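Engineer: So you can see what is in the structure, the chains are spelled out below.
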Amino acid sequence: MSSVAALLALVVVTLVATLILPGGVSAQEVDLDPDADAEEIEPPAVGDQSIGGLLQDQEELPVSGVAITVETEDGDPIGEAVSDENGLWVVEVPEPGRVSVTIDIETLPEGVSLQNADRTTLTPNVRAGQAGTVLFAIGERSFEGVSRVERLSNLTAEGFKFGLMIALGALGLSMVYGVTGLVNFAHGELLAFGAIVAFWLERGYGPFPAMPLVVAALFAIVFTAAFSGLWEVGVFGPVRRRRSGDIAALVISIGLALVIRHLYLVFYGSRRDFYLDYRLQSSISIGPVSLTPKSWITIVVATVVLVAVGWALKNTRIGTAMRAVSVNKDLAESSGIDVRRVTIVTWVVGGALAGLGGVFFGIAESVRWNMGDHVLLMLFAAVILGGLGTAYGAMLGGIAVGLVTQLSTYWFPAELKLMFALLVLVVMLLVKPQGLLGVRERFG
Amino acid sequence: MDDLIRVFADALRGALGPDAAAFAIAAVGLNLHFGFTGLLNFGHVAFMAVGAYTMAIVVDAGLPLWVGVPAGMLAAVVLGLLLGGTTLRLRADYLAITTIAVGEIIRIMIRSRALEDVTGGVFGIQGVAADFFALNPFSPGNYGIWRVTFSERQLWVMVVGWTIALLCTLLVWALMRAPWGRVIKAIHEDEDAARALGKNAILLKAQSLCIGGAIGALAGMLLALERSAVDPNQYLPQQTFFVWTVMILGGAATIKGAMAGAVMFWFIILFAEGLLREGISQGIIPDWLLTSQQMFAVRFVIVGAMLIGLMIWRPQGVFGRREEVMIGAR
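For the protein sequence lines, the chains are A and B, in the order given.
Okay, so the first sequence: first residue is 0 according to numbering that gives the first Met the number 0, each after it adds one.
Okay, so the second sequence: first residue is 0 according to numbering that gives the first Met the number 0, each after it adds one.
Simulated from the structure, these hints should not be mistaken for lab results.
Quantities reported herein were computed from a predicted structural model and do not represent experimental measurements.
Yeah, the Cβ is synthetic: ideal placement off N, Cα and C, and Gly gets one too.
Hints are supplied without guarantee of correctness; some may be wrong.
[Unchecked claim] Result set (BS3-like, lysine-lysine): computed pairs, CA atoms no more than 30 Å apart in a straight line:
(1) K184(B) <-> K431(A)
(2) K313(A) <-> K328(A)
(3) K198(B) <-> K255(B)
(4) K431(A) <-> K416(A)
(5) K431(A) <-> K198(B)
(6) K313(A) <-> K431(A)
[Claimed, not checked] Here are a few chain B residues that face chain A, going by a calculated C-beta distance under 7 Å:
(7) P63
(8) G84
(9) T85
(10) D92
(11) I96
(12) I104
(13) I107
(14) F240
(15) Q293
(16) F299
(17) V302
(18) M310
(19) P314
Modelling step: build the complete structure from the supplied sequences, incorporating the hints.
Structural biologist: Structure follows, in structure tokens:
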């Protein structure tokens, strides 16, 4: 357990260093590119052609209630719009051609400003029959009046929350690796599956009536678990029995991820959307930390689930069997464990965890077709950090990655968040390839 | 019937075109990594990005193309050394994760605002191919036979691209016949045995990584020249998976596999897409199933399905030998 102590020490040292070092000064250099995902944003199409956009701050939260005016190049008015609760706005344009789009900075919410204060007017070209997009770069939210301690404790809490969400995904990924030896590049798509299914169910889909998000999430978890089990039964199980090898299975998982992700794109669409429940909430402060109620609930539920799974791995028959298979498959088989059943159960449990994690990501950020791709590398970082194939390592690694990514935004632009998670991965591989909890405590 | 012929001609055009040439070059490099050396490189796009961006930055600074191209290759070699020095001791699946991570780190860095002065951030760098097209010996017009025609610019990129692809293929062929190649093959088959014989496996694998990476950089540069621009969205991880599909389709660990794979790959993709487009426009495929706006996604579904199908039923691709590909399959 010395590595756990080492990690804790590292976290403490980082926190202390943060308080001592002059960090806050870099705030004005911090700027994220809000059109980071510009190509994915599609405003709703109105009429023949239109111009629209998505106003988001650097935390990817929508900026609503902002007035926008569209004029022709000669200054004749075309229309006005106000960004809605998702930050979306759209104005119909009668004639294709260059238009001038002006944002009314007076209507920006408090603490929100444009990255480039003198670029309030943009002149995009609207093509015939197309929904054009124009993006105003929203600057860093100013943190004047927020103390350094407050910001850091909030970032830490946010990081902890994201860490738990990552851990939910990473746990399944690591368990599946432990039991089958598969590095599953399609695991992120399970999270996206959970998020998207919950989205559809919440609004009502096919035979299902519209339902509260909590109920939709429960269904989504069940469906994701079944979907995940199906992968084992339909794809990876047969591949293993053909003795194609681990590398072939790895490449197959990449192909599977490509297929499934782009099927989401076909059936869900390229938009970014939000659940109806828990959308706008005001923060609740506990001590120095203020988070929205949904974040508090995410932290509580994820912690309970992770602890429960950790307990079950140690104390139930099937949990013990999973650990046995991951340590030595042949020995487990010869001592009477039904390896095939254990493998399927592992996939199903991993799928359920991923489904839950996906819904949490949908609540915290937004539902997108490619969210699995975005989260996958963070899952890998968590799994490698904790030790590939170790369950408790994946949890620990997840939390560490969450903290690193969120806390990095204190000093560095938020667009570099993922890079820091990946740097942690690479450094860990160089220093201790087996991960924090690797080898000695394989899979528990 | 005429529609079908048009779809066929368009697919053939794409299969011979500049993109196919670039993917052929990239696959030659990846084949050296994976096919011959057994390195699970899932960050090949990093070499393409580093090569293309270095060239673009050098050219953008006003230096001539003949400085830019070697600079790009050199940058890829440096990346190969960095990757090799740090990750080659790891097991194969760890290498896969590390390389994909490094690819993403590089993409995030080149699109970041911090480096915008150098890399152009999300906008990239435009107008990098003026020198290249100034050398174009073909006068303006359309060249080709039947319905397969190319503009003089495309033709120039193609001639250069396929020439480079052929030269790289010959280079790999020569390397694999040389003593160096035999040791590489030995390491691939049984690393412990090769090391017991005193071969420095890490060094040799790093050399393979560097050479293949430099070839990958050439592919990135060709794509950049064809579009006369570099931008970070060209270097998503999917690009690597496309190159993988090309390599496996042609046959990993074969000499002609990469070039043949690229031609077949683009023909299959474009033909399937063309058929679907025709189906949609003629109303054979109903709207609720697929619309022309969703065609963007279909390409990736086809590639993914191709990758799955090949790995399950024909891991050796069209020209490969099964035993060779199954090395390392535990």
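Engineer: Each hint should be assessed against the structure and marked as holding or not.
Structural biologist: Hints, verified against the model:
1. K184(B) <-> K431(A): Distance of about 29 Å is within 30 Å: holds.
2. K313(A) <-> K328(A): Given pair K313(A), K328(A) holds - Cα atoms ~18 Å apart, limit 30 Å.
3. K198(B) <-> K255(B): 28 Å, holds
4. K431(A) <-> K416(A): 22 Å, holds
5. K431(A) <-> K198(B): Cα-Cα ~26 Å, so holds.
6. K313(A) <-> K431(A): 25 Å, holds
7. P63: 32 Å, violated
8. G84: 10 Å, violated
9. T85: 5 Å, holds
10. D92: Holds. Min distance 5 Å.
11. I96: Nearest chain A Cβ about 5 Å off; hint holds.
12. I104: Interface hint status for I104(B): holds (5 Å vs cutoff 7 Å).
13. I107: 4 Å, holds
14. F240: Check passed: Cβ of F240(B) comes within 6 Å of chain A, closer than 7 Å.
15. Q293: Since chain A brings a Cβ to about 5 Å from Q293(B), closer than 7 Å, the hint holds.
16. F299: 4 Å, holds
17. V302: Since the shortest Cβ distance to chain A is 6 Å, the answer is holds.
18. M310: 5 Å, holds
19. P314: Holds. Min distance 6 Å.
Going down the numbered hints, you'll see the structure goes against 7 and 8, while the others check out.
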